[in-house]
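*Asks:* Chain order of the listed sequences is A and B. Those letters in the first sequence? Residues -15 to 407, per this note's numbering, in order. Those letters in the second sequence? Residues -15 to 407, per this note's numbering, in order.
Calculated from the structure, these hints are not laboratory results. No residue lacks a Cβ here, since even glycine has one placed at the ideal position from N, Cα and C. Worth double-checking, as some hints may not be accurate.
Claimed, not checked - Partial list, computed: chain B residues near chain A (C-beta under 8 Å):
| # | residue |
| --- | --- |
| 1 | L59 |
| 2 | M63 |
| 3 | D64 |
| 4 | L65 |
| 5 | T78 |
| 6 | R170 |
| 7 | G277 |
| 8 | V278 |
| 9 | A318 |
| 10 | I321 |
| 11 | D328 |
| 12 | P372 |
| 13 | S390 |
Protein chains: 2
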Amino acid sequence: MAVTILKGTVVSAPALGKLSIWENGYLIAENGVITGVFPTLPEQYAGAPVEDFGDALILQSFADLHLHAPQYPMLGMGMDLPLLDWLNAYAFPTEARFADPDYARAVYGQLARELVENGTTRVCMFSSLHREATLILMEELEKAGVTGYVGKVNMDRNSLPGVLEETTEDSMRETLRWLDECQDLRYIKPILTPRFTPSCTNELMAFLGKLSAERDLPVQSHLSENTSEIEWVRQLHPDCQQYWETYAKYGLWNSRTIMAHCVWSDQRERQAMAEAGVTMVHCADSNQNLCSGVAPVRTMLKEGVRVALGSDIAGGDHLSMFDVTAAALRASKARRILDGWETDLLTVPEAWYLATSGGAAYFGEQPGFAPGDPLHAIVLDDSALPQPHPLTPAERLERCVYRRQSGAIRAVWSAGRKVYTAE
Amino acid sequence: MAVTILKGTVVSAPALGKLSIWENGYLIAENGVITGVFPTLPEQYAGAPVEDFGDALILQSFADLHLHAPQYPMLGMGMDLPLLDWLNAYAFPTEARFADPDYARAVYGQLARELVENGTTRVCMFSSLHREATLILMEELEKAGVTGYVGKVNMDRNSLPGVLEETTEDSMRETLRWLDECQDLRYIKPILTPRFTPSCTNELMAFLGKLSAERDLPVQSHLSENTSEIEWVRQLHPDCQQYWETYAKYGLWNSRTIMAHCVWSDQRERQAMAEAGVTMVHCADSNQNLCSGVAPVRTMLKEGVRVALGSDIAGGDHLSMFDVTAAALRASKARRILDGWETDLLTVPEAWYLATSGGAAYFGEQPGFAPGDPLHAIVLDDSALPQPHPLTPAERLERCVYRRQSGAIRAVWSAGRKVYTAE
């Protein structure tokens, strides 16, 4: 049996707004599965090798529940445009390049490495519509040590015909081929991915809903990001009272469904999320960059909606989930200002929970470093920063969220495997 | 005569919203003073050594017009608190540590290096109330190659008595001593710095106004950051209709005055700024972190107010002015959302202008790389990033603003001197 023992200042998020802290604690896993965090080394592990990180922070690694891999090359561009213009001018032409497997291999290799180096070990990710590039993305993530779900995008209308659009028939056939081809991967699994309601015909939506039920496949898409988009969906589906119902009516709305953004989801739509157990992915930077608005995250949490965070590259401009966490904090303050100072801001422990435990919940994990869960962890050395006073672990965590520290991540574990060590 | 010739993709901001671009251009300085940017090497420089940076971007370096040096150790902490609580819990106790010159020397050396490495070569900076530490700060900045103004802070009431507060008499005496002691520095000059109206007695304000007039000294302070602060000022100065008048009545309101924040400045206060030629420093991250609000920057620009950007560490959590520029862009989108999508957002060329030319104007420089101005420049190599398509220089600049690239800054010039070269 392989035992992993990490010693340091262990900080985890066992509940929303709560931190568990063990100074000089021992985080232990057997065969990659956490057995617990202990204040002293339990007797049964005496003599086992301990990786002692001194005073460094040992944290849960991140779960990034919404990002577009083929938009990685355009990260940080076109931000002066609103969503629908930005898609046509930037996102679609960039995604179209992934028809080329060599380009896909090079870009996705770089993306996978950057994810791991930044401590993101679980993802739910959009690929492009290209089957071959999607498989390459899954292989590169698996090779780098990332875990989670990747979806070949389905889009058979209202896209860029001749550049980035499938026929309905192609979309179905390629989806089935892709599902066949990716079944040998161990850590990266498929997720059905209708791009969003405007890009999928009813026939395609019905096919995906049926496929999801037959093969027990999860689903990811976008919801209520932007007011123009919502109006468009209303015109496309006059029979649906609200956007979410365009997914629900095709069987794409359940506890394994991920919906990104939900900026404009009102009480009724939020209730539908809470009741179905849909996971809402908050993409704060993206929503601000594209002037979409500010999602009512605090209200959603109060109403029992499952919430996780997403970088949403390349609507979002940050791949590092430290930055994404800080963006969620800032967005909660924008929300507070928008609401006339009525709404409570998110605290650092709350945002940290969403970035780690909140996302991990989608993969069936318990919050915090829970016994029985796979070991996903990062070691962060913040000793190069000046000290204003002897800092508590909670203060150190806050500073690490806000303050980018090149090279501070010393090591990363993903599903029990050490996948990154700083040089 | 020393000639500096830099070759690359030269991009400058000659006017708000405008970029001048020379691909394969030559940026030339003689004895540290810019002579021009040329598409080919002028004949008179034939044979002179050329520093050829290939396709790298050659950009104006940054001007950071508002930051608190003694808050550098607490960068990224205490962000869940509003301004006045945050000052008492975090900022004041941290600043108090600068009574110790050894601590000051170590921290300020690190800060100065980090500024230069991040391409910030001009600053208007608050020190603490400590005379000795202020002189150390000025020396460390000068040594690292930063230029600009530093102020010993004056604060003789409503602070932390016994921890961080002066008597009126001490404040005056120490200010005069500091002015004597710092006069041999060449690149870092003194600026009078009443912390903000609530921390200065009328007697001290009058003394500073008189000193400013007698010795032709510039002034920096804070204005209308937070609604509680404004209400407090109203109680302290019932004779003044608005906050700005508490500075104006003591002779601290003129074209060499810098006022940070101005989040809540209404039309009348903005008009007073425009008429006096006061420079307003927009600190977007800080205003959001501390839930102060979102400054009406677009409106100020239309009304002819001089605007620059500030990192405002440690209310702001970013020292890099690339991040500060991105924060200003994001804030303009928050402003747009707050205003019901009525207000235009800032474009990248506009925000870039504010971060470079806007701040440089305070030091008497013309916008862009103007002949006759001292050479302040950075060389930025973005070649490690993936290419979605052949990018224009403007797209590359946008990406550099949004996307942090560790190690991308290859070299920095400040007032004609090469002050940083990447290893």
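*Asks:* Measuring from the C-beta of M63 of chain B to each C-beta in chain A, is the shortest one below 8 Å?
*Replies:* With Cβ-Cβ at 7 Å, under 8 Å, it holds.
*Asks:* Quick check on the hint: T78 of chain B CB to chain A CB, less than 8 Å?
*Replies:* Interface hint status for T78 of chain B: holds (4 Å vs cutoff 8 Å).
*Asks:* Does the CB of P372 of chain B sit less than 8 Å away from some CB of chain A?
*Replies:* The hint holds - P372 of chain B has a Cβ within 8 Å of chain A, the shortest such distance being about 4 Å.
*Asks:* Could you check if I321 of chain B really has its C-beta closer than 8 Å to a C-beta on chain A?
*Replies:* holds, 6 Å
*Asks:* Are D328 of chain B and chain A close enough, Cβ to Cβ, to be under 8 Å, as the hint says?
*Replies:* violated, 10 Å
*Asks:* Classify the hint on L65 of chain B as holds or violated, based on whether any CB of chain A lies nearer than 8 Å to its CB.
*Replies:* violated, 10 Å
*Asks:* Given D64 of chain B as an interface hint, is the shortest Cβ-Cβ distance to chain A below 8 Å?
*Replies:* holds, 5 Å
*Asks:* Go through the hint on A318 of chain B and say holds or violated, using the shortest Cβ distance to chain A against 8 Å.
*Replies:* With a minimum Cβ separation of about 5 Å from chain A (threshold 8 Å), the hint on A318 of chain B holds.
*Asks:* Can L59 of chain B be said to touch chain A, with a Cβ gap under 8 Å?
*Replies:* holds, 6 Å
*Asks:* Should the hint that G277 of chain B touches chain A count as held when the rule is a Cβ pair under 8 Å?
*Replies:* holds, 6 Å
*Asks:* Go through the hint on V278 of chain B and say holds or violated, using the shortest Cβ distance to chain A against 8 Å.
*Replies:* holds, 7 Å
*Asks:* So, R170 of chain B near chain A? Judge it on the closest CB pair being under 8 Å.
*Replies:* Hint on R170 of chain B: violated, closest Cβ of chain A at ~27 Å, above 8 Å.
In summary, the structure is inconsistent with hints 4, 6 and 11 from the numbered list given earlier, while agreeing with the others.
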